[in-house]
Amino acid sequence: MAKRELQLSTTKTTITHIDNGFNFLGFNIRKYNGKYLGKPAKENVKAFCRKLKSCFKSGYGLSGVQLIKTLNPKIRGWANYYRTGVSKSTYAKVDNYIYRMCLYWAMRKYDKIHRQKAVKRYFRSRHAMRKWIFSDVEVLEKGCKRIISIAKMMDIKIQRHVKIKSCANPFDPKYQRYFQERGIWKSEVSLRQRKHDMAIYAKMQDNNLQSGKKVKTTCL
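In my numbering, the protein residues as written are 1 to 220.
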C-alpha cells in the first residue's frame, strides 16, 4: 500500500476475532459452527424498523392504499438488498413487526368500540396459508377496483451470491466464454424470479374468482 501512497484508515479498520464478527455494508459477517455467514446487522435492522415506525406515525391521516404504497417500495428494497445473505429469520421478525404496526395503525383509525370493524376493513386472507394480510381496496378509473396488500419480506426468495473465480479475468480472451455463461445464468435467475412473482399473482386472482369477488388482486 505504501508504494501506491495508500494507508489504512484507523476509524474504518477493525481487527477482531472471526467468532465475534464484524459489520460491513450492512451485513454482520461471522463464523458459525465453522461456516462464514453474512446476516443483516442488528443496527441496520433496528434503523429500518425505526424508519418504518416513523412512516406509520406520519401516516395516520393517510388511507390504507396510500400507506401501503408508501411502505411497499421501502420493504421490497430493503429485503432485496439482503437477499444474498442468511436473512430469512430476520425477514420473519421484520414481517411480524410490520404486522403489529399495521394492526395498531388500523385500530387508531377507529374508536375502541369499532375495532372489529377495523380488522374486517383492513385485514384479508390471500389463501388458506396466508391470513390476516393488511390490505385495502383501491378504486381505479371507470369504477374498477383492486385489492393491494402490504409486501411480505418472506415472499422474497433468497439468492446466494456466486463468486467469480479468483483466476478469471474479463479482459483475458480465454475467460470470455466463462463470463458469457455467467451472464446467461444471471439472466435466467432473474427470469425465474419474475415467473415466480407472476405465479403468485395468478394464484391470488384465482382465489378471488372462486370466492365470487369481482376485483383484481395485486401487491404493489
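You may find that some hints are simply not true.
What the hints assert, rightly or not - Calculated cross-link-like contacts (lysine-lysine; reagent style DSS-like; alpha-carbon spacing at most 27 Å):
#1 109 to 145
#2 88 to 31
#3 51 to 93
#4 51 to 145
#5 35 to 69
#6 57 to 46
#7 163 to 174
#8 12 to 35
#9 93 to 42
#10 46 to 88
#11 39 to 93
#12 74 to 57
#13 12 to 46
#14 93 to 74
#15 53 to 142
#16 74 to 39
#17 46 to 74
#18 12 to 51
#19 157 to 35
#20 88 to 117
#21 74 to 174
#22 157 to 174
#23 46 to 93
#24 109 to 74
#25 57 to 93
#26 57 to 131
#27 142 to 157
#28 57 to 42
#29 69 to 88
#30 57 to 109
#31 109 to 42
#32 88 to 53
#33 31 to 53
Read the hints as simulated data drawn from the structure, not as lab findings.
Going down the list of hints, with the structure as the test:
Restraint check: the Cα-Cα separation between residue 109 and residue 145 comes to about 22 Å, which is no more than 27 Å; the hinted pair holds. For the given pair, residue 88 sits about 18 Å from residue 31 by alpha-carbon distance, which is consistent with the 27 Å threshold. Of the pairs offered as hints, the one joining residue 51 and residue 93 holds, with about 15 Å between alpha carbons and a cut-off of 27 Å not exceeded. Between the alpha carbons of residue 51 and residue 145 the distance comes to roughly 30 Å, so the proposed pair goes past 27 Å and is violated.
At most 27 Å may separate the alpha-carbon atoms for a hinted pair to count; residue 35 and residue 69 exceed this at roughly 39 Å. With a C-alpha separation of about 16 Å, the suggested pair residue 57 and residue 46 falls inside the 27 Å cut-off, and the hint holds. Between residue 163 and residue 174 the CA atoms are separated by roughly 18 Å; this keeps the pair inside 27 Å, and the hint holds. This hinted pair checks out: residue 12 and residue 35 have alpha carbons roughly 25 Å apart, not beyond 27 Å.
Note on residue 93 and residue 42: the hinted pairing holds, with a Cα-Cα distance of about 12 Å set against a maximum of 27 Å. Among the hinted pairs, residue 46 with residue 88 is consistent with the structure: their alpha-carbon atoms are about 16 Å apart, no more than 27 Å. For the given pair, residue 39 sits about 13 Å from residue 93 by alpha-carbon distance, which is consistent with the 27 Å threshold. For the suggested pair residue 74 and residue 57, the alpha carbons sit about 16 Å apart, so the restraint of at most 27 Å is met.
Straight-line distance between C-alpha atoms of residue 12 and residue 46 comes to about 21 Å, which keeps the hinted pair within the 27 Å bound. Of the pairs offered as hints, the one joining residue 93 and residue 74 holds, with about 16 Å between alpha carbons and a cut-off of 27 Å not exceeded. At roughly 35 Å between alpha-carbon atoms, residue 53 and residue 142 are farther apart than 27 Å, so this suggested pair is violated. For the hint pairing residue 74 with residue 39, the CA-to-CA distance comes to about 19 Å; that is within 27 Å, so the pair holds.
A hinted pair counts as satisfied when its Cα atoms are at most 27 Å apart, and residue 46 with residue 74 qualifies at roughly 14 Å. At most 27 Å may separate the alpha-carbon atoms for a hinted pair to count; residue 12 and residue 51 meet this at roughly 25 Å. Pair hint residue 157 plus residue 35 holds up; C-alpha atoms about 21 Å apart against a cutoff of 27 Å. As the CA atoms of residue 88 and residue 117 are separated by approximately 33 Å, the hinted pair breaks the 27 Å bound.
With a C-alpha separation of about 42 Å, the suggested pair residue 74 and residue 174 falls outside the 27 Å cut-off, and the hint is violated. Of the pairs offered as hints, the one joining residue 157 and residue 174 is violated, with about 34 Å between alpha carbons and a cut-off of 27 Å exceeded. Restraint check for residue 46 and residue 93: satisfied, since their Cα atoms lie roughly 11 Å apart, inside the 27 Å limit. Note on residue 109 and residue 74: the hinted pairing holds, with a Cα-Cα distance of about 23 Å set against a maximum of 27 Å.
Between residue 57 and residue 93 the alpha-carbon distance is near 20 Å, which keeps this suggested pair within the 27 Å criterion. For the hint linking residue 57 to residue 131, the alpha-carbon distance of about 25 Å falls within 27 Å, and the restraint holds. For the given pair, residue 142 sits about 36 Å from residue 157 by alpha-carbon distance, which is inconsistent with the 27 Å threshold. A hinted pair counts as satisfied when its Cα atoms are at most 27 Å apart, and residue 57 with residue 42 qualifies at roughly 23 Å.
In summary, the hint linking residue 69 to residue 88 is supported, as the alpha carbons are separated by about 23 Å, within the 27 Å threshold. With a C-alpha separation of about 12 Å, the suggested pair residue 57 and residue 109 falls inside the 27 Å cut-off, and the hint holds. Between residue 109 and residue 42, the direct Cα distance comes to roughly 31 Å. Violation of the 27 Å bound is thereby established for this hinted pair. Restraint check for residue 88 and residue 53: satisfied, since their Cα atoms lie roughly 21 Å apart, inside the 27 Å limit.
As the CA atoms of residue 31 and residue 53 are separated by approximately 32 Å, the hinted pair breaks the 27 Å bound.
Of the numbered hints stated above, those contradicted by the structure are hints 4, 5, 15, 20, 21, 22, 27, 31, 33, listed in ascending order.
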